[in-house]
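Visitor: What follows is each chain in one-letter form.
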Amino acid sequence: MSLDALRVSGLRKRYGRRAPWALDGLDCRFPAGALCGLVGPNGAGKTTLYSVVCGFLVADEGSVDLLGSGPFDAARLKGRVGVLPQDAEIQGKLTALEFLHYMGRLQGLDRTTARSEADRVLRGVRLGDRRESLVGSLSHGMRRRLAVASALLGSPELVLLDEPTAGLDPVQAASLREELVALRGNSTLIVSSHNLVELERICDWVVLMESGRCVRQGTVAEVTGQRQVVTWTLGPGEPPLERLREQLPGHELLWEQREGGSLLLHRAPAESDLDQASIAVAGTLAAAGVAVRAVQRGRSLEESFLEETRA
Amino acid sequence: MSALRSLRDAGLVARFTLARAVRTKSALALCVLYLLASTGATYVFTRILLQIENETADLLSVPRVTKPGAMLDSMRENGNLESIVNGLVSRPELAGWAMDQPILTLVHFWFALGVLPFLAVALGAEAIAPDARDRSIRFELVRTGRLELVTGRWVGQAVLLAAGALAAVAGTWCVATFAMVDQPPVRQLSTLLEATPRLWLWSLPFLGLGVAASQLTSTVNVARSLALFAAVLSWMAWGGLRTETMAEWPILKAIAEPVLPQTYVLDLWGPGMEWAASGALLPLLGFVAALLPWPLFRRRNL
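Note that the protein sequences, when read in sequence, are chains A and B.
For the record, in the first sequence the residue sitting at position 142 is 142 according to my numbering, with numbers rising by one throughout.
Offset between the second sequence (1-based) and my numbering: plus 1000.
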């Protein structure tokens, strides 16, 4: 059994012989059981990756390993993978319950289970009271939640959600986030979103993509440098940089003056003890009479992403 | 995928295809359209027949009639009608069988043989293309295979066609009962119902062409045009195979004839169950036609 729910290697895909590569030798992995974020600007290849992984699109090169079973095969992976395609429409003339019941039956559930699962996921996305409504009569946000519900039907081992909160109001988005967090540990979730704050808050693992390639992947702590980077917001006065560099050889210390104060960026070597180093920095700053206004461990996911994509 | 599971999935897709057609009223539209066309065609036939009978009555200085049918009955009795039909089909046993059928059943049969294929082509073109366009097909593709999807769509639409073919029976029966003389209603209905499965089987290869075209494009009208072209091409090929020139190409003829549905069209007429063997080949041809683009569709970006 693979420890990765999804692993892709050297994946290449383009839409036409002269078109640029939408996926350009993509290598990345998503650990089993984790809530994973897939981050990238428009055109980075996130939706193409989802489509190739689910067999909607055929890759030009490379390999996909889903749940340790090789590439996507509807028969072999029946009911084990749930997907929210980004721009797929749901038939408007069906009721929400009919749609989910059909999806459930098609993924191998018996009639009774399909019905109860449909009810469960509808309640989960707060559409329990609209189960008999025609899909065409639902708002955009409700249809989106219904599509999310279809991905969660039957508790699949791997759930791929492409922009699940797109078009949802903040309350709906928050409630969907709660639903996803509740699934952590039971299923592997891969969520793509432009909302990096949202992903940073809920994800265990992130893959940063740009121009069809993976520019960085790892745990949120690794990618945002929570084990290596501390940003100190200081009051007026110059910090004793020379003394700090003597105390912390091999550590990178960058100082930048700001209006009414300054910023000190401390990047520790990979194997060092950042807690001990931070105690030393705090003590030295205090001894030099420089006030510490705020301390932030690591960077935000957004800063990390921008830094990686600018590099 | 195990065969049983594949069949189950195809069945689910077929049922969904039917349910969706009922819900979107496209099934109703199909039935009404075909019912109107069939009723219209048979009614126009009775009006023309009435005109001919009254013109003949005027020539013979006998009283005019208000409902047609009497002249056909006398033609049937003196053997003239059988000669005409025999001249058309070149098979005496079929002409003999046709003489036993109520005249409007034959008209209905003739009309359906010409029209049902085009209705089937138009319907089949809707099998995959619209779902590929709005990408709703992705919800199904993550749960079942493409082969099961195509099979299910073809089966679902075949059932729809059967409903359409049955609906048309009502129209023809009404015309025969109320607009013609001496057409026993029960006999009329039973012969029409007996003809319906044969007509339905005849439409299936053309439905297959529609479903095939629908796998090649995301635009329904393009799919319809492609399938229509293929259907017309099959008629042309069939006509071509019957020319004297083709006698010099016996191997080509032997290969091409069995795959053209038109080869079996006359076999569908006739008494008893002799038509069943040819009839059984038609769904097979339809299914094979539906899977013609499979090498492309199985790798198509959806």
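If you are wondering where the hints come from, they were derived from the structure by calculation, not from laboratory data.
Misleading hints may appear alongside valid ones.
Stated by the list, open to error - Some chain B residues close to chain A (C-beta under 7 angstroms, calculated; not the full set):
1) P1130
2) R1133
3) R1138
4) R1298
5) N1301
6) L1302
To be verified - Non-contacting residues of chain A with respect to chain B, defined by C-beta distances greater than 10 angstroms in every case (computed):
7) G108
8) A174
9) A182
10) L196
11) R258
12) P269
Cβ atoms here follow ideal geometry from the backbone N, Cα and C, with glycine treated the same way.
Visitor: Now tell me if each hint is right for this structure.
Guide: Structure-based check of each hint:
Taking 7 angstroms as the C-beta contact cut-off toward chain A, the hint placing P1130 (chain B) at the interface is violated, the least distance being around 10 angstroms. The beta carbon of R1133 (chain B) comes no nearer than 9 angstroms to any beta carbon in chain A, farther than 7 angstroms, and the hint placing it at the interface is violated. For R1138 (chain B), the interface hint holds, the least distance from its beta-carbon to any beta-carbon of chain A being 4 angstroms, beneath 7 angstroms. Among the interface hints, the one on R1298 (chain B) is violated; its C-beta lies about 9 angstroms from the nearest C-beta in chain A, farther than the 7 angstroms criterion.
Here the hint on N1301 (chain B) is kept, as its CB sits about 5 angstroms from the closest CB of chain A, short of 7 angstroms. At a threshold of 7 angstroms, the smallest CB-CB gap from L1302 (chain B) to chain A is about 5 angstroms, leaving the interface hint in force. A beta-carbon of chain B is positioned within 10 angstroms of the beta-carbon of G108 (chain A); the least distance is around 8 angstroms. In this structure A174 (chain A) is separated from chain B by more than 10 angstroms, as the shortest Cβ-Cβ distance comes to about 26 angstroms.
The Cβ of A182 (chain A) lies farther than 10 angstroms from every Cβ of chain B, with a closest approach of about 22 angstroms, so its non-interface assignment holds. Separation of L196 (chain A) from chain B is adequate, the least Cβ-Cβ distance of about 26 angstroms exceeding the 10 angstroms criterion. Distance check on R258 (chain A): its Cβ is at least 49 angstroms (rounded) from any Cβ of chain B, clearing the 10 angstroms threshold; non-interface status holds. At roughly 45 angstroms, the least C-beta separation between P269 (chain A) and chain B is larger than 10 angstroms, which holds for a residue marked as non-interface.
Hint compliance for this structure: hints 1, 2, 4, 7 are broken, all remaining hints hold.
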